[in-house]
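*Asks:* Protein chains in written order, with our numbering: chain Z, 1 to 369; chain F, 1001 to 1277; chain P, 2001 to 2282.
If you're looking for bench data, these hints aren't it; they were derived computationally from the structure. Be aware that a few hints might be false.
Mimicking SDA-like on lysine to any residue, the simulated pairs with C-alpha atoms at most 20 Å apart in a straight line are [stated by the list, open to error]:
| hint | chain 1 | residue 1 | chain 2 | residue 2 |
| --- | --- | --- | --- | --- |
| 1 | Z | K104 | P | G2188 |
| 2 | P | K2090 | F | I1018 |
| 3 | P | K2090 | F | V1027 |
| 4 | Z | K297 | Z | V314 |
Quick caveat: nothing in here was measured; it's all calculated off a predicted structure.
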Amino acid sequence: MVEVKLEHITKEFGGLKAVDDLSLEIRDGEFLVLLGPSGCGKTTTLRMISGLETPTSGRILFGDRDVTYLQPKDRNVSMVFQSYAVWPHMTVRDNIAFPLQIKKVPKHEIEEKVRWAAEMLQIEELLDRYPSQLSGGQRQRVAVARAIVVEPDVLLMDEPLSNLDAKLRVTMRAEIKKLQTKLNVTTIYVTHDQVEAMTMGDRIAVMNHGKLLQIGKPTEVYLNPKSMFVATFIGSPEMNLLDAKVTIGEDGRTYFEGDGFRIAIPESMASALEGYVGKTVALGIRPEHMTIEGVSKLEHVKNVAKITGKVDFVEALGTDTIVHVEVGNGIIKIKLPGHIPLPIGEEVSIVVDLDMLHVFDKDTKDAII
Amino acid sequence: MNDRTKHMLRNLLLYVFIFTVVLWVVVPIVVSALYAFSSRLDYYNMHKVIPTHYTLKWVKTILFVLGAWQGIKNSIVVALLTILISFVLGVPAGYAIAKYLFPGKDSIKLSIIALRMFPIPVMAIPLVVLYIKIHLYDTLIGVALAHTAMALPFVVLITSSIFAGVSKELEEAGMVFGLTRFQSFLKITLPLALPGLAAAAMFTFVMSWNEVFVASILTLKHRTLPAQILSIMAGSSGGAAPPYYKFAAAFIMIMPALVFIFFARKYLVTMWGITIK
Amino acid sequence: MKSKYLPYLLILPAIVYLLFFIGYPLVQAIILAFTHNGHLSLYNFRSALATPTFIPAFKYTLALAAVIIPTQLFLALILSLIMTRTFKGKDMVLYALIIPLTISDVAGGLIWYTLLSDAGFLNKLLINIGLISQPIHFFGYQYRNMEFLAIVLEELWRSTAIVFVIILAGMQMISKEYIEAAEVFGAGYWTRLRKIIIPMLKPSIQSALIIRTLFAMQIFGAVWMLAGRDIPVLAGEGYYQLTFIRNYGVASIYALAIAALSIVLGALYVKFLKAPYLEVSR
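Required output: the full structure, derived from the provided sequences and hints.
*Replies:* Okay, here's the thing in structure tokens:
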């Protein structure tokens, strides 16, 4: 049970910065998700925590211990690999027992612990089989059992669910999370799947191009994204982004003027936007924070704005409906609960919850609001 | 920083080891080549580790007086015939294994490879009896037929993996657009497989070029190069030829193989399943 | 439908050809070996045993294999381990290591004759460095043990590449993650080697040993070039009986001896290098 601290970690591969000045604190017993697209540096970061790679600069601390240059075997970490890496020439039992054998744990203790780990992952009947006789999902459980059997200080997981089929993935998400809560081991979990991150993480650390963009609880990161990247990476369907110019109308009020719409800027936002008059910004609004007038209602809404447009396409998902509305030359996606079959071409009025409106600086890509 | 120096020392050791191994492979070849052209005096001069005076005399004698030139010609004919026959037989088989799924495929594939493990002397010695009967003894075609038997499993295996590398869909697209299966093979698969087939041909050439036991047993007057060299130079007690002839002989024997393999080196490596990173 | 038989038709010529060139000689060899004057007899077998070189040929063939093959396996493992690291010029090194695959046993014998003869490279080098004052004699009947050594050196130089190539391919097939997992779980370098890499190499080691041993039973060209009949070997004696004595029967006995050894050793390898994890089914 250990706290992990990354201080200004940088990893360079021949001039290319895979990880760029990353600083992060993971609390004892926390389930932290490193989320980001392929190549963002999350796996490299995980490997540095494991000891398989050494940082070019910076420090890694487990509690008070500086482990930056320590070999994996001296760190008391465990890892679940993306391909599971369950050794094919050993039985399941030998696979799970391996870490304990290396540590020269006495034989009867090994047997006990292997049994305990196998029970946790419900694979007791598989102990004498070989990996080639197991399904992908079963092999994955073996990999997890092996990782927890040593009761590590830090548990690392590198996209362990990405090779499973969709249904199994959903089941395993819950199981892994429950397991981690039970064991209370500090866990760092790497994935590119934002649904996984949202449902499993105590906190999510979003990375792109080697940099840490934002870290926070799932709801925080979802509702208050600090950059355009985070805003669009998390959430499905993606947040709508619209360009708009900040203008001052004849009545002295400030407006967002975009292609096919004009929204009056509420008082609460006016001061933050002072420096942007005359400039173009990016407006962000999530599909579920809008509705269509006359068809559905948004609850608990204070400030609204209306945008008109024409229905372009309707995605009927059964539980929800995603309506694509053509506004000006662009498309806005709106998520409505239930089954709402709108005819294509119909003129509609979109109701926007302005309290959920995000405004981004187009140059820095950071959130203004 | 003791870890750092340890790391550097290990790296240094690694490079020294690698360097030594490469030298170990290359030096004998280079020395052999140099000595093949060394003047007689320089060779017997114990203080000249590397000769400084060179002559073409030994190579010339080997080629034109001791029959190596004829041997080379014979070897080339045999090798080319071997390539021809083994490809005529092997390429269709390789294609069938690569493109079709049929019962018994795996066991057929395995047995073809296993047949290569058959001891050559057991094949060659009885063959002499047969060849004498059907007048194939001491003929180049006779040797080529035997070499084909040795090369065939290899050709089948290699061509099957080459054809497997040509996507089925490319052929099928050809057929959809009006070609018969055979035309599709000729116009689409074959051109794409050509580089791999060329490499397979080069390996078959080298295998036939180097083969000595069968060639020696099946020929008398029309010997291939290795058979000829063997008969002139066998053994320290049997061979009357002075040493520098031996080196010249070695040089002649390895030259074509080295050249070929230089060109086909990528295939040589990947054929065994090794990836060059 | 015609297309059902097409694959078989395409393969047929090759298989028929091979079966003929294997089957006919095999049958004929047995006939030649075990008949005399038209009758089934052990005459040739007894003649062969009576020749002074039969037992020595057996012994030397096996002795050479026993010395050469384990050494080659060991070298191949070391070289393969090195080739899994990255370093500058790795491509060139790989090609260099593969060059011997293209060199025939006769050429190899001749090359090593260059190196080891009295006025050869090695002796000249050692004399000029001052390590010895007289050349080391490697050749000649009275130096039979040195001839044995010369053959060993030649084979180590030339045919290690065959073993190396098979082992390297096998090693590259071992996914890096298997080894990293062992590293994360605490295994040091030697433990990883012993418990992960070598067990996973078992199939490749088995292939390499079978191939190499079967070839070693047929060793011929290098021995003839470096030692003539000073070191009799089965294939060499067979050649001698056929070409110089014209005794087909005895020559066939020698050939069948090679075949018998190959089968026995092959079977032993298959039995003792079994990997249970490859044999279980789902």
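*Asks:* Has the given pair, P/K2090 with F/I1018, been kept, meaning a C-alpha gap of at most 20 Å?
*Replies:* 10 Å, holds
*Asks:* Holds or violated: are the alpha carbons of Z/K297 and Z/V314 at most 20 Å from each other?
*Replies:* Holds, at roughly 18 Å.
*Asks:* Is the Cα-Cα distance between Z/K104 and P/G2188 20 Å or less?
*Replies:* 13 Å, holds
*Asks:* Holds or violated: P/K2090 and F/V1027, Cα atoms, limit 20 Å.
*Replies:* 19 Å, holds
Consistency note: the structure conflicts with none of the earlier hints.
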